[in-house]
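Following the hints, put chain B in place on chain A, whose structure we already have.
Going down the list, the sequences are from chains A and B. Take the first sequence: its position 13, counted from the start at 1, is 13 in this note's numbering, and no numbers get skipped. Take the second sequence: its position 111, counted from the start at 1, is 111 in this note's numbering, and no numbers get skipped.
FYI, nobody ran anything at the bench for these hints, they're computed from the structure. Incorrect hints may have been included.
In silico SDA-like links for lysine to any residue, alpha-carbon gap of 20 Å or less [stated by the list, open to error]:
no.	chain 1	residue 1	chain 2	residue 2
1	A	K112	B	G179
2	B	K270	A	S141
3	B	K270	A	N89
4	B	K270	A	S227
5	B	K260	B	G91
Just so you know, these numbers come straight off a predicted model, no measurement behind them.
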Amino acid sequence: MTVGAPLISIDRVQKHYRTQSGAPLHVLDGVSFDVRDNEFLSILGPSGCGKSTLLRILDGLTPYDGGSIAIDGQSVSGPGPDRAVVFQNFALLPWSSVLDNVAFPLEGRGVKSAERKERARAALDRVGLSDFEEHYPRTLSGGMQQRVGLARALVVNPRILLMDEPFGALDALTRTFLQDELLKIWSRDRKTVVFVTHAIDEAVYLSDRVVIMSPRPGQVLEIVDVSIDRERAAEVRDTPEFNELVAHMRHVLRGVVHPEEAGLA
Amino acid sequence: MVASLRPIGGGPAVSRAKPTTWPRRVLVLGLRIGLLVLILSIWEWAGRTFGTPFTFPPFSAVAEAFVQLLGGTELWVSAAITLESFLFGFGLALVVGIGTGLLAARSQVFDRLSAVYLRILMTAPLAPLVPLLIGLFGIGLPSRIALVFLFSVAVIALNTRTGIQRVDADLLQMARSFGAGEVLMFRRVRFPGAVPAIMAGVRLGAGRAVVGMVVAELIIVSVGLGRLINVYRGRFKAAEMFAVVIVILIIGVAILLIVKWLERRLTAWKGERT
Chain A
1 MTVGAPLISI
11 DRVQKHYRTQ
21 SGAPLHVLDG
31 VSFDVRDNEF
41 LSILGPSGCG
51 KSTLLRILDG
61 LTPYDGGSIA
71 IDGQSVSGPG
81 PDRAVVFQNF
91 ALLPWSSVLD
101 NVAFPLEGRG
111 VKSAERKERA
121 RAALDRVGLS
131 DFEEHYPRTL
141 SGGMQQRVGL
151 ARALVVNPRI
161 LLMDEPFGAL
171 DALTRTFLQD
181 ELLKIWSRDR
191 KTVVFVTHAI
201 DEAVYLSDRV
211 VIMSPRPGQV
221 LEIVDVSIDR
231 ERAAEVRDTP
241 EFNELVAHMR
251 HVLRGVVHPE
261 EAGLA
Chain B
1 MVASLRPIGG
11 GPAVSRAKPT
21 TWPRRVLVLG
31 LRIGLLVLIL
41 SIWEWAGRTF
51 GTPFTFPPFS
61 AVAEAFVQLL
71 GGTELWVSAA
81 ITLESFLFGF
91 GLALVVGIGT
101 GLLAARSQVF
111 DRLSAVYLRI
121 LMTAPLAPLV
131 PLLIGLFGIG
141 LPSRIALVFL
151 FSVAVIALNT
161 RTGIQRVDAD
171 LLQMARSFGA
181 GEVLMFRRVR
191 FPGAVPAIMA
201 GVRLGAGRAV
211 VGMVVAELII
221 VSVGLGRLIN
231 VYRGRFKAAE
241 MFAVVIVILI
251 IGVAILLIVK
261 WLERRLTAWK
271 GERT
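The shape of chain B in the complex, shown without the other chains:
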């Protein structure tokens, strides 16, 4: 019954974790907190022992700077600017990626044509493309959007294609037997069957989009949180700089949590709780 669906990055079709029981959950949570405390303690100790406020501050100094940043407006304005490129770039990648994947699943010629480029986008380092993007779009928002898009579109497209192609042949035969036409077949069998693979692609794409978002601000143009990092580095305010890095990490984790939540909701019929 379970088709061996293997989209890139696995995804929920493959992972069949045992349902975790309560004591185990508590244990895992405890270990996670313990590990975090350990890492932060080592950081604190290393910062006090080897670091200086200009190079490597202890965690406590970073935490202080973090709280201070949260109180000001500059952080929020910068975060909003940063997120702008993510929202547009990733939104575009969703539309184009799923569209390309559907088309590739439909037409073998298009599949052969597009696969090469998608694989290149998946594996090649994208930073060398930056001068090209600047030449095309200038150094404004469009360039950053383009980089986020390029980072995330390929995995979404490839997973969508694979998902559609791997839909259970028995279900397709059943639908044909009951006289389903192409539209109904797509709407009720092919697309829903591909949703787990598509969502795995979307999750991986979101992770890559976050990378693209940060890379854009560090190597294309200094705006948003990337600019804040540069400003604090220039002023030798290492604690503030690290605090901004932590903000970026939190944004990245939050985006992934949202996508994972969505993924779980859309594949609830598989009955996998994590």
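Chain A extracted, bound-state conformation:
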């Protein structure tokens, strides 16, 4: 294992929103955990537990009200070139070709046009979409669109990949296919990945560790080590280890999502 020292330190982070009616909404309550270098970490929780908010905070898109977040010892104050996000709804520019979409993050960084194209082609190649660079996003399937989204994040060669329920909008078959693709890509260059999901099996299948969060206000319920060998393939899903982990996480979540059912479980 090449998992190393803490890269991201999240310490007692608080986040409040104000709703339209002016009522305060407590979204994150004292969330603390570390993300280690080269680690694939998932944040698992029910809808509305603040896991996507936490990811936006990590990216620097959203401010937080208390605690601290440091990446490599540096406090997070805004989006930076060390991080790239893969968005749940793909967030592709519909008026730009696939190639221009992938090259977009380089435009703000003063990379020359020729080099932008070259790097975007290389990124598209990694996700297997070389033949589609001139296509418009709407002509691609959801799975292909998200591969474009992944290529766009990879093109800046970020140290940390932040993935916000990236496969949540896809059908089950496409989702498992893209999970394998992601693992393949990840096993090659071992970026640090923070992966937000509400699907338990997805979290277990992909991750080194899973942070389970409670419903609002989001708190860390448990951090689970996924002690399954990293060379994972679809068969892993059928092993007892895998299913035990899934069952355990379901149990933890059930206790908080439906408190009245806890005794029955």
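Quick look at chain B alone, frame taken from chain A:
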């Protein structure tokens, strides 16, 4: 994914027509031609039955006059004079309208200030402004340009503003996440995202500009095709007068077709074929 974009007059962001199949297209085309023939037949019959060459001629007489007018030079010269006010007035409305819309989207204060006047321009009848325009610009080309401009500028400005403001928030967040500055954000996200709404405004503005162009010649000063209409009316040549009206209709339709073609080209990424 589809933001509920509702610029004035809808526009391609809203209309999601089913792709028409071939047999249906033929049917629609056939019905259109049939309806036109029916209308013209009724006109022909009414002209022969109730009309006179001085008041209401049958369609055949108008068609004859139309062909004759096409052969002469007077029609072409008049049409050129008429189009002059359209080209300058509408061109100015494009520049000022889009510019005003962009500024309004940028500054809330400017938006609050301009919105009132733009709404008035949109809804109030503009003919009462004509004496004011004549007082300002005289009765020459500048007055006609000003009227065309006033007719078309507001809808372009309002749609541009709305288009920029309604750009998909997820895309803006994505751009911010990837470190896009204001200029890049505008060039690659805000403006392209607003193009469908802007083009819907341009299409509606073009229609209003055509109205302004005709109104100017009928109530400010008798030049161009408007003068031809007055001349033929004065000589009781109703067929020729109607022929000029038809020319104006054709010009109006042609302008709208050009704008619609441009609109389709600029929003091709939406994948809507009509």
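Q: Return the numbers of the hints above that this structure violates; sort them in rising order.
A: 4
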